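Visitor: When you get a sec, could you build the whole thing from the sequences and use the hints?
Take 794 as the starting number for the sequence shown in the working numbering and just add one per residue.
FYI, nobody ran anything at the bench for these hints, they're computed from the structure. It is possible that some hints are incorrect.
To be verified - Below 20 angstroms or equal to it, Euclidean Cα-Cα: the simulated SDA-like pairs (lysine to any residue) are:
1) K1012 / T986
2) K1140 / G1167
3) K1182 / K1213
4) K968 / I1287
5) K994 / D1233
6) K994 / Q1033
7) K1182 / D1233
8) K1030 / G1083
9) K1140 / E1080
10) K1030 / P1265
11) K1268 / D1233
12) K1140 / D1113
13) K1225 / D1180
Being a predicted model, the structure only gives us computed values, none of them experimental.
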Amino acid sequence: MAGPSAWMGKGADVTGRKMRVENDLIEEIKIHEGQKIHYSFVLGEKASPYVPKARPHRNDPSFWDNLRNEPLQNSTKLLEIDAFYRGVDAVSQIWAGSPVDDMMKQIFEDESGPQFFYDEVIETIRSWDNKLPESQLNVQHRFLSRTGEFLQEKSRSITLRKWRNIGTPLVELLKRSSDEDRRVIENFQQQYTEDVYCLFKLGGHAKPVQSVAISPDGKHIVSSSSDNTIRIWDMEKGTQVGEPLLGHTDGIRSVAISPTNGELIVSGSDDETILIWDAETRAKVGELRGHEGRVLSVAFSHDGRHAISGSRDTTIRIWDAAAGTQVGVPLQETQWVRSVKISPDGKRIVSGSDRTIRIWDAETRTQVGEELQGHMRVVWSVAVSPDSKRIVSGSWDETIRIWDAETGTQVGVPLQGRCKAIKSVAISPDGKHIVSGSSDRTIRVWDVETGKRVGEPLRGHADFVLSVAISPDGKRIVSGSIDGTVRIWNAEAILV
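Guide: The following block contains the structure:
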């Protein structure tokens, strides 16, 4: 069982931290008469970059003698530390269910008191053991409710330095809570945390991340970039695995992973080539040539035997992944082919072009039916549902449309909601949700049945979101952006 960081087995840590603070005050802090100690110094062990700038000369022993000799209870220099202690004590009392009104009044009268209190609240949440029995969840709910009330009431005129990447305790608690308790948790998340959904921000690419894909076991991410590299990442740890894959001579627009075993990676580049890689050895095992324009999109067939590609040369080509040879003649579009997918049943190829979507018979390589029309501007991305019955398209016209794959008719009204150009779409493994990446720098989740947005947009990217993917278990969303980063998001927190 876990509680406040100052209690439940962590008292030694907090005591040690107090002693370190006191020792640092005696030995390290440099302050002038009349100055206060900024709270960010005490938070130094929390990676605060702030360092007090007021520094008397080290060779002035009288300053330190006077500081040691001055009674602490009369010192105006150390009032900040009193507020720090009060914050720790108040959190412990709230966890225990004790009244703290008088203590909170003192805390919020001090300039730095609210920040100390808030930080200790977050430390407590991060220490929670999510294996608590159901009968004890009310203690956590009560803690969030009371601390949230104090923060809302007392700190309206104070700007808190909010924490990022708190971890999963609140997400896990959400999954085990009633509707009423969920509202308390969600309110706390929205008001007093930042990036609660973003688990990792992966940096390494030197230019925009054009495409992301997830391995069939959900353990790895593959990303491609305008920096001519492909990188592999550990989904759980958020770290890069090995060195970048090098071989293309220009930006890499698209990557895909063979869906059956994840053994192969296929990449399409502005250098007009398609490369096939061994995912384990990272060796290049094939080079496919034939396109006469930039390769904008690549995909694997469900059995991994074939790769398909779409290009600025207005063609779609099918390739034997093992032999590295083109299969049949190209499928001819009339405009740049920006996105291609193969249906999970292997029967259909879907392509997105100027303002239209086309469906092709994978065996005969002929177009099936008429073009799917409705979008007013360029179609950037297409996806096919797991049961192969629905097609989803995202467009520069700021809409997402759902289509019946058999009849080619639009299903329902377009999905839209104050988002800008839709650069990428993906469908969840259960087929119930759509994830979109947009030029407004956000990722959004949509309910397929109702057409409504689920939760708030995921924010954090500093530029267009060019690619999104969903893990096979539906628990993670991965995004790639012009800002050069890959982000991993907790989909469970959104879909809970």
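Visitor: Hints first: check each against the structure and report whether it holds.
Guide: Evaluation of the provided hints:
| no. | hint | verdict |
| --- | --- | --- |
| 1 | K1012 / T986 | violated, 27 angstroms |
| 2 | K1140 / G1167 | violated, 24 angstroms |
| 3 | K1182 / K1213 | violated, 27 angstroms |
| 4 | K968 / I1287 | holds, 11 angstroms |
| 5 | K994 / D1233 | holds, 18 angstroms |
| 6 | K994 / Q1033 | holds, 11 angstroms |
| 7 | K1182 / D1233 | violated, 30 angstroms |
| 8 | K1030 / G1083 | violated, 39 angstroms |
| 9 | K1140 / E1080 | violated, 26 angstroms |
| 10 | K1030 / P1265 | holds, 17 angstroms |
| 11 | K1268 / D1233 | violated, 24 angstroms |
| 12 | K1140 / D1113 | holds, 16 angstroms |
| 13 | K1225 / D1180 | holds, 11 angstroms |
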